[in-house]
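Work the whole structure out from these sequences, hints included.
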Amino acid sequence: MADKEIPQGGGFLLGPTDPAAAFVPEEFSDEHKMILTTTADFVAGDIVPMDEQIEAKDHAVVKKLMASAGELGLLGSDVPEEFGGLGLDKISTACITEEIGKSGSFAVAQGAHTGIGTLPIVYYGNKEQKEKYLPDLAAGTKIAAYGLTEAGAGSDAVGGCRTKAVLSEDGKHYILNGEKMFITNGGWAETFIVFAKIDNAEFSAFIVERDFPGVSTGAEEHKMGINGSSTTTVILEDAQVPVENLLYEKGKGATIAMNVLNIGRYKLGCAAIGGAKGALTQSAKFAKDRSQFGMPIAEFGAIQEKLAKMAAKIYAAESSIFRSVGLIDAGLEGISHDDPEYGAKASAAIREYAVECSIDKVLGSEVLDYVVDECVQIHGGYGYVSEYPAERAYRDARINRIFEGTNEINRMTIPGELLKRAMKGKLPLMAAGQKLLGEIMEYSPLMVELPDEPLAYEAHMAEMAKKAVIFVAGLAAQTYMQKLIHQQEILMRVADMVIESFAMESCVLRAKKAIDALGEEKAQVYMDMTKAYMDEVLPQMLIWANESLAAMSEGDDLRTMMIGARKLLKYQPANGVALRRAVAARVLDKNGYPLSY
Amino acid sequence: MNIVVCIKQVPDTESVIKIAGDGKSIDTGDIKWVMNPYDEFGVEEALRIVKDQGGEVTVVGAGPARVVEALRTALAMGADKAVHIQDDDLYGADPIAVAKMLAKAIEPLSPDVVFFGQRAVDDDSGVVSSAVAEYLGMPQLSVITKLEIADGKVKGTRPIEGQTVVLEASLPAVISAQKGLNEPRYASLPGIMKAKKKPLETKTPADLGAERSDFIEIATLNPPPDRAPGKTVEGETAQELAANLAKLLKEEAKVI
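These protein sequence lines are chains A and B, in that order.
First residue of the first sequence? That's 1 in this note's numbering, and the numbers climb one at a time after it.
First residue of the second sequence? That's 598 in this note's numbering, and the numbers climb one at a time after it.
Calculated from the structure, these hints are not laboratory results.
On a predicted model such as this, the values are computed, not experimentally measured, just so you know.
By construction, the Cβ of each residue, glycine as well, lies at the ideal position given by its N, Cα and C atoms.
It is possible that part of the hints are untrue.
Unchecked claim - Cross-link-like lysine to any residue pairs, in silico, SDA-like; alpha carbons within 25 angstroms at most:
1) B:Lys-794 <-> A:Asp-329
2) B:Lys-794 <-> A:Asp-373
3) B:Lys-794 <-> A:His-32
4) A:Lys-590 <-> B:Arg-663
5) B:Lys-800 <-> A:Glu-31
6) A:Lys-590 <-> B:Lys-621
7) A:Lys-345 <-> A:Pro-445
8) A:Lys-288 <-> B:Pro-608
9) B:Lys-629 <-> A:Gly-87
10) A:Lys-522 <-> B:Asp-686
11) A:Lys-590 <-> B:Pro-634
12) B:Lys-791 <-> A:Ile-515
13) A:Lys-33 <-> B:Ile-623
14) A:Lys-33 <-> B:Lys-621
Stated by the list, open to error - For each label pair, taking beta carbons as the anchor points, the in silico distance ranges come out as:
15) A:Gln-53 <-> B:Lys-794: 34 to 40 angstroms
16) A:Val-448 <-> B:Ser-622: 46 to 52 angstroms
17) A:Leu-518 <-> B:Lys-794: 44 to 50 angstroms
Take a look at the structure:
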């Protein structure tokens, strides 16, 4: 991708994307594939057999498994080599995360450790801090946690923060007081990234060790799912944190928190697709084994349609997420770990794709929830009892829509970031909106001439979907101006339109690449999943557009706007039933997700 | 200690196997290829011996370009170098023909020990290791679950019905590994990254002076028979049901 121009974050909305700039899993290197295999073997060979002990929160077992994961290199992909890690690309980390995502609770422990627990030091630690902490974290001999949330500080983590830090009289320590809540790995972590306000003002991050005087953790929470992960409070009572453990700079806590969350978001998407593929496999196998009315339920159209929708949604999420990770890798290219400004430069490069990161988080977690829900349904009564894995997968999945920024916060981030960039003139969305308003009167969906090639219609509709986003978001910005932020219902719908535009285009780009690489016949399942996905989403796009327009206008103005939206999103439905039957046949044939690498 | 491990690339045991149109080969379109699981025991044992006694591990594999993936996996596990005998038409060939090629490639490496898996999980022939031993003029210890190497001698244990037999030979020797010999390691991520830089030599059969001669060929491949549908025993009362079941077991299933 080095010789290509790297697309801007959110820039996909402005027009067609060069397929060469969209990474697809089919482009995994041999090393990526081996990393996938090693991680999958580790999950199947070491994690799954210890499932009962993990679910019972057996600390010793989890610690031993973390150390084994560290020995294999599964904790150090983002840690530079000089500090005991491997310093690999983000696609490698995504591969690890996806496969670990099939391990249920352990995935949460591993994810919190390698992500929010370790990355603040990777990106914002000074040399001494990196030397002191990173080798143990990469090796898994010590476990990390992240303490941002408090009882009154959830989505408003900065504003709600009550934890205080005061410099000791001798100037050697910060004295921390407060209580952090819902801290993943709380029960067994040795290091915590803790956020506190210095002198009640400067929101800052500290590296806090469990053994520091005044640090303790509370009892385990009783959770709906992921019961094998540890979730406790972290209590700071005159906790003595050496001044050299201030991370980055005074008052820069929000920068750390937000940038690390961007990474956490796409990684959560990766883990979610891993989990969703696992649930699809369970569903396909059960549907083939379970007979009713004299035949396997897999032969019924109602069940096949479920399996096909699950597969198509996973395909859309996977295509979107790996495309995003590819963008981030391209953005990080050339930034050396040795650069003293590495942390700032790398997090700026990742921040460029904040919109994509939020898309990945929402899409991944909601596809996972859809898939585990249908997995329970396909299992019928057996899906509701704990003897089968469907029940636990259903409970375990639910947290993903809540942590790493709720899906509502992430949805708000999407139009928020786009509009911010538009205002700054970084992303010419306003100009695109003006141009569109000029064109729309002349535009007729009947006059569109498409090239005679596979997926031409889908590629066209993906572009029209983006125009619809610009149309609705532009009108909303014009209508509400600075007060748009208070129209959360409209912003949520705009976010959904952005998410699905990115997802549809990602599906099309990947399928086109598959056609180029494999020929139409072998790429059939890519085309079928793309069409099946778009067939579900496109009608929904028009509903979101109309609901938004109806909220912001009325009378003739509204009618004119709705005509515009209808023209842009005029869609000739595909034979969705036939498409989904074809996809289901592949799912059943492969005992799960139909693509492998 | 100079050790060679021969590895075969086989379909992953999770793969759904379909017979190709010719009726004598498998449809390779959708298959995920992996190192033969029995060969992993060989790689692991070789790595342990070299760790204790020093030396070098060379992995050798024959077949089309994709076989390089299996060789890379062995390198990622820790083997030092690899030799790939590239022959696009070797999959499904006469094991004796494959053995001849392998022997040609192994000979110049002058190994002290040559490891094989006791059989490959795809064709189950289990012939190649013995044929290579014969071509190289080495003794073979087959189906081994425990191994000791010292003072130029090798001692191997083979489980036999309820007992074990211990075999001894002088080096160089061919060992075929059975499940239980060890617990193969995973290819670690540092290992995977290092494997990229390890030497992997590609040779054609012509380079080795090996002429392909198949004495046998696969006549047909047959899929397992479809499972017959189940039968519901009819009857109103328990006695009736039991009587009908007994009748079915006696007359149709012929098990009582």
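Any hints this thing doesn't respect? Which numbers, in order?
2, 7, 9, 12, 14, 17
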